[in-house]
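A.B. asks: Now for the letters of each chain:
Number of protein chains: 2
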Amino acid sequence: MNTAIFYHAGCPVCLNAEQGIINAIDTTQFTVETVHLGEQANRIAEAKAFGVQSVPALVLNHQVFHINFGASINDLA
Amino acid sequence: MNTAIFYHAGCPVCLNAEQGIINAIDTTQFTVETVHLGEQANRIAEAKAFGVQSVPALVLNHQVFHINFGASINDLA
Numbered sequence: 000m001n002t003a004i005f006y007h008a009g010c011p012v013c014l015n016a017e018q019g020i021i022n023a024i025d026t027t028q029f030t031v032e033t034v035h036l037g038e039q040a041n042r043i044a045e046a047k048a049f050g051v052q053s054v055p056a057l058v059l060n061h062q063v064f065h066i067n068f069g070a071s072i073n074d075l076a
Numbered sequence: 000m001n002t003a004i005f006y007h008a009g010c011p012v013c014l015n016a017e018q019g020i021i022n023a024i025d026t027t028q029f030t031v032e033t034v035h036l037g038e039q040a041n042r043i044a045e046a047k048a049f050g051v052q053s054v055p056a057l058v059l060n061h062q063v064f065h066i067n068f069g070a071s072i073n074d075l076a
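Chains as they are written, first to last, in numbering that gives the first Met the number 0: chain A, 0 to 76; chain B, 0 to 76.
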């Protein structure tokens, strides 16, 4: 199974992207996980390790796609 | 049927996003169209009307998601 991780911080741009993009993902191909970095600050290091620079971001099998711009990941810690 | 239009300009960032994002979209929900604005310059106005500011961009039912950054749409005309 492929993995999709959607990192966000609860911002309006994030929620908008979540509703649009996450709902469009083929869940027969991907296991989708949503991570709120504001509430799960212990996963910020993991997101940075993938290369996430801002949220919202979608990581598909370790490949990072920054979607629009909500906040810099450096402002979340 | 929902519509997904992926606008790009053939740039490496665009192709990368195309392979990742487009292949993840649930095609039982969405009709997916890919538009190369470098080759189909007549569709730049349509993309701008959706609110596309840069490529690659994914428009899901008229909602624009800019994915990473390849080029400004103003540099394509």
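Hints may be right or wrong, so weigh each one.
To be verified - Listed below are the simulated SDA-like cross-link pairs for lysine to any residue, each with C-alpha atoms no more than 25 Å apart in a straight line: (1) A:K47 - A:T33; (2) B:K47 - A:N15; (3) A:K47 - B:K47; (4) A:K47 - B:I21; (5) A:K47 - B:H35; (6) B:K47 - A:I21; (7) A:K47 - B:P11; (8) A:K47 - A:D74; (9) A:K47 - B:F29; (10) B:K47 - A:L14; (11) A:K47 - A:T30; (12) B:K47 - B:V31; (13) A:K47 - B:A76; (14) A:K47 - A:I72; (15) B:K47 - B:F29; (16) B:K47 - A:I72; (17) B:K47 - A:G37; (18) B:K47 - B:V63; (19) B:K47 - A:G19; (20) A:K47 - B:V31; (21) A:K47 - A:G37; (22) B:K47 - B:H35; (23) B:K47 - A:E17; (24) B:K47 - B:A76; (25) B:K47 - B:L14; (26) B:K47 - A:P11; (27) A:K47 - B:Q18; (28) B:K47 - B:C10; (29) A:K47 - B:L14; (30) A:K47 - A:T2; (31) A:K47 - A:H35; (32) B:K47 - B:G9.
Worth flagging that the hints you see were computed from the coordinates, not collected in a lab.
A.B. asks: Against this structure, judge whether each hint is valid.
C.D. replies: Results for each hint:
| no. | hint | result |
| --- | --- | --- |
| 1 | A:K47 - A:T33 | holds (16 Å) |
| 2 | B:K47 - A:N15 | holds (20 Å) |
| 3 | A:K47 - B:K47 | violated (32 Å) |
| 4 | A:K47 - B:I21 | holds (24 Å) |
| 5 | A:K47 - B:H35 | violated (31 Å) |
| 6 | B:K47 - A:I21 | holds (24 Å) |
| 7 | A:K47 - B:P11 | holds (22 Å) |
| 8 | A:K47 - A:D74 | holds (12 Å) |
| 9 | A:K47 - B:F29 | violated (31 Å) |
| 10 | B:K47 - A:L14 | holds (23 Å) |
| 11 | A:K47 - A:T30 | holds (20 Å) |
| 12 | B:K47 - B:V31 | holds (19 Å) |
| 13 | A:K47 - B:A76 | violated (35 Å) |
| 14 | A:K47 - A:I72 | holds (8 Å) |
| 15 | B:K47 - B:F29 | holds (21 Å) |
| 16 | B:K47 - A:I72 | violated (29 Å) |
| 17 | B:K47 - A:G37 | violated (33 Å) |
| 18 | B:K47 - B:V63 | holds (10 Å) |
| 19 | B:K47 - A:G19 | holds (19 Å) |
| 20 | A:K47 - B:V31 | violated (31 Å) |
| 21 | A:K47 - A:G37 | holds (14 Å) |
| 22 | B:K47 - B:H35 | holds (14 Å) |
| 23 | B:K47 - A:E17 | holds (23 Å) |
| 24 | B:K47 - B:A76 | holds (11 Å) |
| 25 | B:K47 - B:L14 | holds (20 Å) |
| 26 | B:K47 - A:P11 | holds (22 Å) |
| 27 | A:K47 - B:Q18 | holds (22 Å) |
| 28 | B:K47 - B:C10 | holds (19 Å) |
| 29 | A:K47 - B:L14 | holds (23 Å) |
| 30 | A:K47 - A:T2 | holds (17 Å) |
| 31 | A:K47 - A:H35 | holds (14 Å) |
| 32 | B:K47 - B:G9 | holds (18 Å) |
Consistency note: the structure conflicts with the earlier hints numbered 3, 5, 9, 13, 16, 17 and 20.
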